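Student: Sequence:
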Amino acid sequence: MPTRRLHPWIDARLRRLPEPFRQEWRALLVFGFILIFAAWLFFEVIEDMVWGDPLVWADTATYATLQALRTPWLDHFMIGITELGDTPVVIGVALAVGLWLVRESAWHTLLYWIMAIGGGSAINSAIKLAMKRARPGDLHYDGVSVFSFPSGHSTTNAVLYGFLIMIIARSLPLKTRLPIFTGAILFVGLIAFSRLYVGAHWLSDVTGGLAFGSAWLALLGLFYMWRPAEPIEPYKLLAVAGITLLVVGGLNILLHHGADVLRYAPGDAS
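Under the working numbering, the first residue of the sequence shown is numbered 2, with each subsequent residue one higher.
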C-alpha cells in the first residue's frame with residue numbers, strides 16, 4: 002500500500018526510513034510478532050516437557066485418541082501425506098528452487114534459501130540430540146531420527162514452504178498472496194497432523210517443530226526483506242516447486258508406501 006494512504010504523521014516518518022523498510026514495513030512487523038510469539042511458544046513447550054505440565058499430559062491423550070480413530074483407508078491417505086514431507090521430497094524441492102534461483106541470478110535470495118533449509122534442518126537435528134526424547138513407539142528409525150523433539154517433518158516443511166512463499170509473494174500483488182499463503186499453511190498443517198495420526202510424534206513434538214520452524218523463518222525474513230526483491234518470475238518458480246513436489250513426492254510414495262504402511266501400523270491406543 003502506498004505510504005500516501007497512511008496518516009500524515011506515519012507517512013512523514015516512513016519516508017525517512019530506508020527504501021526496503023518503506024516497501025516492506027508491514028511484513029517486517031508481522032515477522033517481528035511471529036518471531037516473538039513462536040520463540041515464546043517453543044520455550045514454553047520445552048518447559049512443559051521438563052516439568053510435565055498439561056501440554057505433555059495432552060500428548061498421551063492425543064496419541065490414544067488418534068490411534069483409536071484410525072481406519073485402513075485413512076491410514077493410506079495420511080501415510081501418503083507424511084511421505085510428501087519426507088527428507089527426499091524436501092531435498093528435491095529445495096534443489097529445484099535453488100537451481101531456479103541460480104538460473105535467475107538471484108544470489109541474495111539463494112543465500113537465504115540455503116540458510117533457511119540447511120540451517121533449520123541442522124538446528125533441528127542438534128535439538129533432537131540435546132533433548133533425546135523417545136518417540137511414541139518403535140518405528141525403526143535410525144540416527145538422529147530416533148529422537149522425536151522437535152518434529153523434523155513439521156520444522157523442515159514449515160521452513161521450506163514458508164520461505165518459498167515469502168520469496169514468491171514479494172513479487173505478487175496483495176490480492177494474489179492470500180490464496181498462496183493459505184494453501185501453504187494448509188499443506189504444512191496437513192503434514193504436521195499426519196505425523197500425529199500415524200503415531201510418529203507426540204503433540205508437543207509437532208507444536209515445538211512448528212514453533213521453531215516459524216521462529217527461524219521469521220528471523221530470516223526480518224533480514225531478507227531489508228533488501229529489494231530480486232526478479233524471479235514468481236509463477237514459474239511456483240510451477241517448478243509444484244511439479245517437483247508432485248514428481249519426487251509421487252516417486253517417494255511409490256517406492257516406500259508399502260513399507261511405511263507396516264512401519265506406521267496402529268499402536269496401542271490404551
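Since the hints were made in silico from the structure, they are not lab data. Any given hint might turn out to be false.
Calculated lysine to any residue pairs in the SDA-like style (CA-CA distance at most 20 angstroms, straight line) [said to hold, decoys possible]:
{"hint": "1", "residue 1": "K176", "residue 2": "K133"}
{"hint": "2", "residue 1": "K237", "residue 2": "A97"}
{"hint": "3", "residue 1": "K237", "residue 2": "L247"}
{"hint": "4", "residue 1": "K237", "residue 2": "L255"}
{"hint": "5", "residue 1": "K237", "residue 2": "F148"}
{"hint": "6", "residue 1": "K237", "residue 2": "H109"}
{"hint": "7", "residue 1": "K133", "residue 2": "I47"}
{"hint": "8", "residue 1": "K237", "residue 2": "D76"}
{"hint": "9", "residue 1": "K133", "residue 2": "I37"}
{"hint": "10", "residue 1": "K176", "residue 2": "L247"}
{"hint": "11", "residue 1": "K176", "residue 2": "H109"}
{"hint": "12", "residue 1": "K176", "residue 2": "V248"}
{"hint": "13", "residue 1": "K133", "residue 2": "A230"}
{"hint": "14", "residue 1": "K237", "residue 2": "F182"}
{"hint": "15", "residue 1": "K237", "residue 2": "G190"}
{"hint": "16", "residue 1": "K133", "residue 2": "S122"}
For clarity, every value in this text was computed on a predicted model and none was experimentally measured.
Student: Evaluate each hint against the coordinates.
Tutor: Results of checking the hints against the structure:
no.	hint	verdict
1	K176 <-> K133	violated, 44 angstroms
2	K237 <-> A97	holds, 12 angstroms
3	K237 <-> L247	holds, 15 angstroms
4	K237 <-> L255	violated, 27 angstroms
5	K237 <-> F148	violated, 38 angstroms
6	K237 <-> H109	holds, 19 angstroms
7	K133 <-> I47	holds, 12 angstroms
8	K237 <-> D76	violated, 34 angstroms
9	K133 <-> I37	violated, 26 angstroms
10	K176 <-> L247	violated, 26 angstroms
11	K176 <-> H109	violated, 26 angstroms
12	K176 <-> V248	violated, 29 angstroms
13	K133 <-> A230	violated, 40 angstroms
14	K237 <-> F182	holds, 17 angstroms
15	K237 <-> G190	violated, 24 angstroms
16	K133 <-> S122	holds, 16 angstroms
Hint check: violations occur at hints 1, 4, 5, 8, 9, 10, 11, 12, 13, 15; the rest are consistent with the structure.
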